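Chemist: Could you put together the complete structure from these sequences and hints?
Number of protein chains: 6
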Amino acid sequence: MSSLTHFDEAGRAAMVDVAGKAETERLAVARGRVVMQPATLALIAEGKAGKGDVLGVARLAGIMAAKRTSDLIPLCHPLMLTKVAVDLVIVEPEAVEIEAQVRVTGRTGVEMEALTAVTVAALTVYDMVKAVDRGMRIEDVRLVLKEGGKSGRFEAEA
Amino acid sequence: MSSLTHFDEAGRAAMVDVAGKAETERLAVARGRVVMQPATLALIAEGKAGKGDVLGVARLAGIMAAKRTSDLIPLCHPLMLTKVAVDLVIVEPEAVEIEAQVRVTGRTGVEMEALTAVTVAALTVYDMVKAVDRGMRIEDVRLVLKEGGKSGRFEAEA
Amino acid sequence: MSSLTHFDEAGRAAMVDVAGKAETERLAVARGRVVMQPATLALIAEGKAGKGDVLGVARLAGIMAAKRTSDLIPLCHPLMLTKVAVDLVIVEPEAVEIEAQVRVTGRTGVEMEALTAVTVAALTVYDMVKAVDRGMRIEDVRLVLKEGGKSGRFEAEA
Amino acid sequence: MSSLTHFDEAGRAAMVDVAGKAETERLAVARGRVVMQPATLALIAEGKAGKGDVLGVARLAGIMAAKRTSDLIPLCHPLMLTKVAVDLVIVEPEAVEIEAQVRVTGRTGVEMEALTAVTVAALTVYDMVKAVDRGMRIEDVRLVLKEGGKSGRFEAEA
Amino acid sequence: MSSLTHFDEAGRAAMVDVAGKAETERLAVARGRVVMQPATLALIAEGKAGKGDVLGVARLAGIMAAKRTSDLIPLCHPLMLTKVAVDLVIVEPEAVEIEAQVRVTGRTGVEMEALTAVTVAALTVYDMVKAVDRGMRIEDVRLVLKEGGKSGRFEAEA
Amino acid sequence: MSSLTHFDEAGRAAMVDVAGKAETERLAVARGRVVMQPATLALIAEGKAGKGDVLGVARLAGIMAAKRTSDLIPLCHPLMLTKVAVDLVIVEPEAVEIEAQVRVTGRTGVEMEALTAVTVAALTVYDMVKAVDRGMRIEDVRLVLKEGGKSGRFEAEA
Numbered sequence: 001m002s003s004l005t006h007f008d009e010a011g012r013a014a015m016v017d018v019a020g021k022a023e024t025e026r027l028a029v030a031r032g033r034v035v036m037q038p039a040t041l042a043l044i045a046e047g048k049a050g051k052g053d054v055l056g057v058a059r060l061a062g063i064m065a066a067k068r069t070s071d072l073i074p075l076c077h078p079l080m081l082t083k084v085a086v087d088l089v090i091v092e093p094e095a096v097e098i099e100a101q102v103r104v105t106g107r108t109g110v111e112m113e114a115l116t117a118v119t120v121a122a123l124t125v126y127d128m129v130k131a132v133d134r135g136m137r138i139e140d141v142r143l144v145l146k147e148g149g150k151s152g153r154f155e156a157e158a
Numbered sequence: 001m002s003s004l005t006h007f008d009e010a011g012r013a014a015m016v017d018v019a020g021k022a023e024t025e026r027l028a029v030a031r032g033r034v035v036m037q038p039a040t041l042a043l044i045a046e047g048k049a050g051k052g053d054v055l056g057v058a059r060l061a062g063i064m065a066a067k068r069t070s071d072l073i074p075l076c077h078p079l080m081l082t083k084v085a086v087d088l089v090i091v092e093p094e095a096v097e098i099e100a101q102v103r104v105t106g107r108t109g110v111e112m113e114a115l116t117a118v119t120v121a122a123l124t125v126y127d128m129v130k131a132v133d134r135g136m137r138i139e140d141v142r143l144v145l146k147e148g149g150k151s152g153r154f155e156a157e158a
Numbered sequence: 001m002s003s004l005t006h007f008d009e010a011g012r013a014a015m016v017d018v019a020g021k022a023e024t025e026r027l028a029v030a031r032g033r034v035v036m037q038p039a040t041l042a043l044i045a046e047g048k049a050g051k052g053d054v055l056g057v058a059r060l061a062g063i064m065a066a067k068r069t070s071d072l073i074p075l076c077h078p079l080m081l082t083k084v085a086v087d088l089v090i091v092e093p094e095a096v097e098i099e100a101q102v103r104v105t106g107r108t109g110v111e112m113e114a115l116t117a118v119t120v121a122a123l124t125v126y127d128m129v130k131a132v133d134r135g136m137r138i139e140d141v142r143l144v145l146k147e148g149g150k151s152g153r154f155e156a157e158a
Numbered sequence: 001m002s003s004l005t006h007f008d009e010a011g012r013a014a015m016v017d018v019a020g021k022a023e024t025e026r027l028a029v030a031r032g033r034v035v036m037q038p039a040t041l042a043l044i045a046e047g048k049a050g051k052g053d054v055l056g057v058a059r060l061a062g063i064m065a066a067k068r069t070s071d072l073i074p075l076c077h078p079l080m081l082t083k084v085a086v087d088l089v090i091v092e093p094e095a096v097e098i099e100a101q102v103r104v105t106g107r108t109g110v111e112m113e114a115l116t117a118v119t120v121a122a123l124t125v126y127d128m129v130k131a132v133d134r135g136m137r138i139e140d141v142r143l144v145l146k147e148g149g150k151s152g153r154f155e156a157e158a
Numbered sequence: 001m002s003s004l005t006h007f008d009e010a011g012r013a014a015m016v017d018v019a020g021k022a023e024t025e026r027l028a029v030a031r032g033r034v035v036m037q038p039a040t041l042a043l044i045a046e047g048k049a050g051k052g053d054v055l056g057v058a059r060l061a062g063i064m065a066a067k068r069t070s071d072l073i074p075l076c077h078p079l080m081l082t083k084v085a086v087d088l089v090i091v092e093p094e095a096v097e098i099e100a101q102v103r104v105t106g107r108t109g110v111e112m113e114a115l116t117a118v119t120v121a122a123l124t125v126y127d128m129v130k131a132v133d134r135g136m137r138i139e140d141v142r143l144v145l146k147e148g149g150k151s152g153r154f155e156a157e158a
Numbered sequence: 001m002s003s004l005t006h007f008d009e010a011g012r013a014a015m016v017d018v019a020g021k022a023e024t025e026r027l028a029v030a031r032g033r034v035v036m037q038p039a040t041l042a043l044i045a046e047g048k049a050g051k052g053d054v055l056g057v058a059r060l061a062g063i064m065a066a067k068r069t070s071d072l073i074p075l076c077h078p079l080m081l082t083k084v085a086v087d088l089v090i091v092e093p094e095a096v097e098i099e100a101q102v103r104v105t106g107r108t109g110v111e112m113e114a115l116t117a118v119t120v121a122a123l124t125v126y127d128m129v130k131a132v133d134r135g136m137r138i139e140d141v142r143l144v145l146k147e148g149g150k151s152g153r154f155e156a157e158a
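Protein chains in written order, with the UniProt record's numbering: chain A, 1 to 158; chain B, 1 to 158; chain C, 1 to 158; chain D, 1 to 158; chain E, 1 to 158; chain F, 1 to 158.
I should point out that these hints are in silico values taken from the structure, not numbers from a laboratory. Incorrect hints may appear among the rest.
Said to hold, decoys possible - In silico EDC-like pairs for lysine to aspartate or glutamate, Cα to Cα no more than 16 Å straight-line:
{"no.": "1", "chain 1": "D", "residue 1": "21", "chain 2": "B", "residue 2": "25"}
{"no.": "2", "chain 1": "C", "residue 1": "21", "chain 2": "E", "residue 2": "25"}
{"no.": "3", "chain 1": "D", "residue 1": "150", "chain 2": "D", "residue 2": "23"}
{"no.": "4", "chain 1": "A", "residue 1": "83", "chain 2": "E", "residue 2": "25"}
{"no.": "5", "chain 1": "C", "residue 1": "150", "chain 2": "C", "residue 2": "17"}
{"no.": "6", "chain 1": "A", "residue 1": "150", "chain 2": "A", "residue 2": "8"}
{"no.": "7", "chain 1": "A", "residue 1": "150", "chain 2": "A", "residue 2": "25"}
{"no.": "8", "chain 1": "D", "residue 1": "83", "chain 2": "D", "residue 2": "147"}
{"no.": "9", "chain 1": "B", "residue 1": "83", "chain 2": "D", "residue 2": "17"}
{"no.": "10", "chain 1": "C", "residue 1": "83", "chain 2": "A", "residue 2": "17"}
{"no.": "11", "chain 1": "C", "residue 1": "83", "chain 2": "A", "residue 2": "8"}
{"no.": "12", "chain 1": "F", "residue 1": "83", "chain 2": "F", "residue 2": "8"}
{"no.": "13", "chain 1": "E", "residue 1": "21", "chain 2": "A", "residue 2": "25"}
{"no.": "14", "chain 1": "B", "residue 1": "150", "chain 2": "B", "residue 2": "17"}
{"no.": "15", "chain 1": "F", "residue 1": "150", "chain 2": "F", "residue 2": "25"}
{"no.": "16", "chain 1": "E", "residue 1": "150", "chain 2": "E", "residue 2": "25"}
{"no.": "17", "chain 1": "A", "residue 1": "83", "chain 2": "A", "residue 2": "25"}
{"no.": "18", "chain 1": "A", "residue 1": "83", "chain 2": "E", "residue 2": "8"}
{"no.": "19", "chain 1": "F", "residue 1": "83", "chain 2": "B", "residue 2": "17"}
{"no.": "20", "chain 1": "E", "residue 1": "83", "chain 2": "C", "residue 2": "8"}
{"no.": "21", "chain 1": "A", "residue 1": "21", "chain 2": "C", "residue 2": "25"}
{"no.": "22", "chain 1": "D", "residue 1": "150", "chain 2": "D", "residue 2": "25"}
{"no.": "23", "chain 1": "C", "residue 1": "21", "chain 2": "C", "residue 2": "147"}
{"no.": "24", "chain 1": "A", "residue 1": "150", "chain 2": "A", "residue 2": "17"}
{"no.": "25", "chain 1": "F", "residue 1": "21", "chain 2": "D", "residue 2": "8"}
{"no.": "26", "chain 1": "F", "residue 1": "83", "chain 2": "F", "residue 2": "99"}
{"no.": "27", "chain 1": "A", "residue 1": "83", "chain 2": "A", "residue 2": "99"}
{"no.": "28", "chain 1": "B", "residue 1": "150", "chain 2": "B", "residue 2": "8"}
{"no.": "29", "chain 1": "B", "residue 1": "83", "chain 2": "B", "residue 2": "25"}
{"no.": "30", "chain 1": "B", "residue 1": "83", "chain 2": "D", "residue 2": "8"}
{"no.": "31", "chain 1": "B", "residue 1": "21", "chain 2": "F", "residue 2": "25"}
{"no.": "32", "chain 1": "F", "residue 1": "83", "chain 2": "B", "residue 2": "87"}
{"no.": "33", "chain 1": "E", "residue 1": "83", "chain 2": "C", "residue 2": "147"}
{"no.": "34", "chain 1": "D", "residue 1": "83", "chain 2": "F", "residue 2": "17"}
{"no.": "35", "chain 1": "E", "residue 1": "83", "chain 2": "E", "residue 2": "147"}
{"no.": "36", "chain 1": "D", "residue 1": "83", "chain 2": "F", "residue 2": "8"}
Keep in mind it's a predicted model, so treat the numbers as computed, not measured.
Modeler: In structure tokens form, the structure reads like this:
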């Protein structure tokens with residue numbers, strides 16, 4: 001049935017025309033998780049108590065990465081994001097859960113910005129603890145909420 | 001026991017000193033997966049037949065992202081990568097599997113570069129097919145092989 | 001008669017004020033050509049048949065470069081491009097012809113974005129085949145169409 | 001006979017492995033030209049006399065662009081350039097001639113860096129005078145000299 | 001009394017939501033100074049007479065940096081600047097005074113863009129003369145004027 | 001006596017040739033200060049107690065900016081920094097003092113990287129508290145120590 005919007009009838013990739021779309025308020029929320037050894041998670045938890053704020057560094061990296069999305073993803077439109085928030089929480093016994101929320105008043109959605117924020121925050125967590133745990137995995141990165149724009153509201157099932 | 005190398009004794013984040021490390025040949029291989037509806041995967045598979053090369057675009061995005069790693073991950077060292085290769089394969093019925101291989105002759109490893117290539121390639125796949133499938137997930141992003149450097153060879157269990 | 005708009009009365013370069021200009025829909029189309037040995041062109045043509053998609057890689061590079069224009073050209077304004085398309089065709093016996101089309105709803109034109117897309121696509125073609133042909137040349141990069149904005153429509157003579 | 005080095009046997013693009021190449025001193029010189037109306041060239045020439053230094057701005061843009069080459073050209077290796085010089089001269093009656101010279105001590109050549117410097121300097125000239133002359137063309141961008149590396153010295157015929 | 005707007009109630013940094021703010025014309029003017037040996041200043045002054053235009057290079061660097069502000073300052077919003085001008089003047093016997101003026105039609109102010117332009121212009125002056133004077137200092141970088149937006153006009157006391 | 005190294009005999013700016021310089025270990029330490037109202041400083045000090053870590057965010061921004069130096073300062077060479085550390089301390093009653101330390105094994109010094117880290121950290125402090133204090137100033141940004149390279153050790157007088 002459907003075909004891919006980022007390619008023309010001859011199969012050539014393009015940054016698709018959004019000039020005809022309305023400038024509306026748009027929101028996207030994405031989530032993901034870094035899974036690790038319980039002892040690794042304990043090190044991160046200790047850091048929150050003053051020995052090295054892994055989650056604070058990763059939050060910043062995620063926020064900054066959201067602003068670089070159109071540089072990284074070839075066919076993404078540049079957008080003037082109006083809000084980026086990234087939250088990381090420790091979920092015992094073995095995961096850091098990450099959520100990013102991105103808003104824009106623009107012609108196209110911000111799913112990719114939210115997903116980019118989550119993945120770069122996850123990579124940053126990984127980077128800071130990789131010396132003690134090489135078996136970590138980034139899991140379950142997905143869109144959980146999308147509002148605004150023609151296609152309407154999307155909310156992932158729990 | 002251990003503490004985090006990216007923080008000093010007062011808990012301050014820093015790009016750690018690698019001047020004392022030897023310049024050796026280093027390799028890292030990372031993998032990950034984008035999981036989607038079988039119908040979505042079918043669209044991507046068709047594209048390989050000339051209607052829009054999703055995997056080719058994602059490969060390029062992954063390669064270019066590897067070169068941007070130290071811009072994205074706050075405490076990563078800049079490195080002159082000598083090789084970056086990214087491979088994406090369709091795994092029926094519902095996944096695109098991604099592998100990135102990065103090499104350097106340098107003072108620090110390239111795990112983060114390989115992981116960044118995998119995640120940005122995954123995000124790019126996501127971007128190009130999100131109009132038809134909003135429930136996709138990026139899964140199981142992890143290091144599978146690391147060679148070179150003081151800490152020796154690491155190979156993930158299958 | 002005329003003087004240069006990017007310099008003030010004392011000859012100092014500046015990014016000129018466009019706040020007073022209307023936000024209108026604007027379009028620019030630019031073209032250029034990479035001239036090479038017929039045998040080199042044949043290698044590229046073969047690639048289209050599955051051995052290495054030179055034109056597909058160059059297309060992506062051109063699209064991404066259009067988004068970086070204001071980073072590269074010192075006095076260009078940042079713009080939220082609404083469309084970027086780049087097309088490359090093989091013109092026997094010795095050229096790859098490149099055309100870029102860029103759209104924006106904004107206060108200033110997108111000629112530089114279209115020209116940047118063409119030149120970076122051309123450089124990317126060059127990069128991928130330079131090992132077999134060092135005598136290639138990039139030729140005839142020019143604006144062919146411009147619409148929108150106060151200065152009206154411009155179309156180059158054929 | 002030959003095949004393209006930037007693609008593997010399956011036609012997949014990659015940043016090719018240069019780890020086995022020697023770190024040698026390498027030089028590349030590239031040239032190009034912006035062709036315009038004599039009246040436009042006269043405006044640029046006046047600027048040299050203090051009313052707006054078009055060539056000085058373009059020189060800087062070219063130098064800075066050389067450092068961004070591996071960000072722009074997908075399969076280029078990052079390199080620590082040891083020298084970049086860009087020269088622009090007015091050639092009556094209708095051209096600005098541009099030459100870029102780039103040096104590195106590294107594992108791969110700097111042709112692309114020299115060509116990128118020339119083209120971005122040319123685009124910057126174009127940007128600054130486009131308000132008075134929309135018919136300008138960038139012409140004859142090519143490599144004129146290459147030294148260092150396994151493939152030996154290359155000098156373009158005059 | 002007050003608390004910091006860039007942190008939420010739990011102390012987490014975020015790029016704050018400006019979607020509710022009106023798009024208005026905004027202006028910011030910032031100033032700063034590079035203090036050096038009189039002999040160093042004399043070298044710069046000579047350059048204006050044709051031996052090397054330190055101030056022209058620094059002006060360009062400041063303008064380009066203003067466009068990179070949201071890349072550098074973690075919680076700054078991306079903005080489509082409509083004007084950037086940077087002026088540098090020699091103040092005998094020992095200072096280069098720098099002023100940057102930035103305009104935007106947007107939802108948030110451009111103080112950081114003006115301050116970034118001033119500091120990068122100052123760093124560029126420093127870079128070009130550091131070989132002859134290592135004791136230079138960058139001094140008195142501050143906002144001198146701000147207009148537009150809810151908080152009204154601000155003008156620094158002389 | 002002296003002339004400026006970043007310009008050739010005709011006054012043209014260039015990234016000077018460092019190929020002939022030895023690869024040695026180099027260190028630079030720079031310092032600067034953000035001066036503000038005592039009440040503003042008190043807000044920052046509170047943040048350290050968990051309500052918003054201004055200094056932590058600024059530290060990260062400074063570290064990341066050091067890696068971008070050659071992108072910002074037109075004639076700076078790209079360098080593979082081996083260490084970047086940034087420290088910010090509250091100095092009652094009205095200043096945040098910033099120190100950056102940068103190391104490299106390379107052909108040219110890292111003064112500009114250390115100074116860039118200090119200024120961007122200072123700008124980031126400014127950004128986060130500007131809503132409560134528009135009169136802040138960045139003061140006394142200077143090099144305090146430089147080691148390695150032909151020109152020998154430099155230490156600023158106290």
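Chemist: Against this structure, judge whether each hint is valid.
Modeler: Comparing the hints with the structure gives:
The suggested pairing of residue 21 (chain D) with residue 25 (chain B) holds, with an alpha-carbon distance near 12 Å, which does not exceed 16 Å. Simply put, residue 21 (chain C) and residue 25 (chain E) have alpha-carbon atoms about 13 Å apart, close enough for the 16 Å limit, and the pair holds. Distance restraint check for residue 150 (chain D) and residue 23 (chain D): the Cα-Cα separation of roughly 11 Å lies within the 16 Å cut-off, and the hinted pair is therefore satisfied. Simply put, residue 83 (chain A) and residue 25 (chain E) have alpha-carbon atoms about 20 Å apart, too far for the 16 Å limit, and the pair is violated.
Note on residue 150 (chain C) and residue 17 (chain C): the hinted pairing holds, with a Cα-Cα distance of about 15 Å set against a maximum of 16 Å. Taking the CA atoms of residue 150 (chain A) and residue 8 (chain A), the gap is about 21 Å. The hint is violated against a cut of 16 Å. Taking the CA atoms of residue 150 (chain A) and residue 25 (chain A), the gap is near 11 Å; set against the 16 Å cutoff, the hint holds. The straight-line distance between the Cα atoms of residue 83 (chain D) and residue 147 (chain D) is roughly 14 Å, inside the 16 Å bound, and the hint therefore holds.
Note on residue 83 (chain B) and residue 17 (chain D): the hinted pairing holds, with a Cα-Cα distance of about 4 Å set against a maximum of 16 Å. The straight-line distance between the Cα atoms of residue 83 (chain C) and residue 17 (chain A) is roughly 4 Å, inside the 16 Å bound, and the hint therefore holds. The suggested pairing of residue 83 (chain C) with residue 8 (chain A) holds, with an alpha-carbon distance near 13 Å, which does not exceed 16 Å. Between residue 83 (chain F) and residue 8 (chain F) the CA atoms are separated by roughly 32 Å; this puts the pair beyond 16 Å, and the hint is violated.
Distance hint between residue 21 (chain E) and residue 25 (chain A) is fulfilled; the C-alpha atoms sit about 13 Å from each other, no more than 16 Å. Straight-line distance between C-alpha atoms of residue 150 (chain B) and residue 17 (chain B) comes to about 15 Å, which keeps the hinted pair within the 16 Å bound. Between residue 150 (chain F) and residue 25 (chain F) the CA atoms are separated by roughly 11 Å; this keeps the pair inside 16 Å, and the hint holds. Between the alpha carbons of residue 150 (chain E) and residue 25 (chain E) the distance comes to roughly 11 Å, so the proposed pair stays at or under 16 Å and holds.
Our distance criterion of 16 Å between C-alpha atoms is met by residue 83 (chain A) and residue 25 (chain A), whose separation comes to about 11 Å. Distance restraint check for residue 83 (chain A) and residue 8 (chain E): the Cα-Cα separation of roughly 13 Å lies within the 16 Å cut-off, and the hinted pair is therefore satisfied. The suggested pairing of residue 83 (chain F) with residue 17 (chain B) holds, with an alpha-carbon distance near 4 Å, which does not exceed 16 Å. Restraint check for residue 83 (chain E) and residue 8 (chain C): the C-alpha separation of about 13 Å stays at or below 16 Å, so the hint holds.
Only pairs whose Cα atoms come within 16 Å are accepted, and residue 21 (chain A) paired with residue 25 (chain C) is accepted, the gap being roughly 13 Å. For the proposed pair residue 150 (chain D) and residue 25 (chain D), the alpha carbon gap of about 11 Å is at most 16 Å, so the pair holds. A distance of roughly 15 Å separates the Cα atoms of residue 21 (chain C) and residue 147 (chain C); the hinted pair therefore holds under the 16 Å criterion. With a C-alpha separation of about 15 Å, the suggested pairing of residue 150 (chain A) with residue 17 (chain A) holds against the 16 Å cut-off.
Taking the CA atoms of residue 21 (chain F) and residue 8 (chain D), the gap is near 38 Å; set against the 16 Å cutoff, the hint is violated. Distance hint between residue 83 (chain F) and residue 99 (chain F) is fulfilled; the C-alpha atoms sit about 14 Å from each other, no more than 16 Å. In summary, the hint linking residue 83 (chain A) to residue 99 (chain A) is supported, as the alpha carbons are separated by about 14 Å, within the 16 Å threshold. For the proposed pair residue 150 (chain B) and residue 8 (chain B), the alpha carbon gap of about 21 Å is over 16 Å, so the pair is violated.
Between the alpha carbons of residue 83 (chain B) and residue 25 (chain B) the distance comes to roughly 11 Å, so the proposed pair stays at or under 16 Å and holds. Between residue 83 (chain B) and residue 8 (chain D) the alpha-carbon distance is near 13 Å, which keeps this suggested pair within the 16 Å criterion. Between residue 21 (chain B) and residue 25 (chain F), the direct Cα distance comes to roughly 12 Å. Compliance with the 16 Å bound is thereby established for this hinted pair. Distance hint between residue 83 (chain F) and residue 87 (chain B) is unfulfilled; the C-alpha atoms sit about 33 Å from each other, more than 16 Å.
A C-alpha spacing of about 23 Å is found between residue 83 (chain E) and residue 147 (chain C), which places the hinted pair above 16 Å, so the restraint is violated. Between residue 83 (chain D) and residue 17 (chain F) the alpha-carbon distance is near 4 Å, which keeps this suggested pair within the 16 Å criterion. For a cut-off of 16 Å, the pair hint linking residue 83 (chain E) to residue 147 (chain E) stands: about 14 Å separates their Cα positions. Only pairs whose Cα atoms come within 16 Å are accepted, and residue 83 (chain D) paired with residue 8 (chain F) is accepted, the gap being roughly 13 Å.
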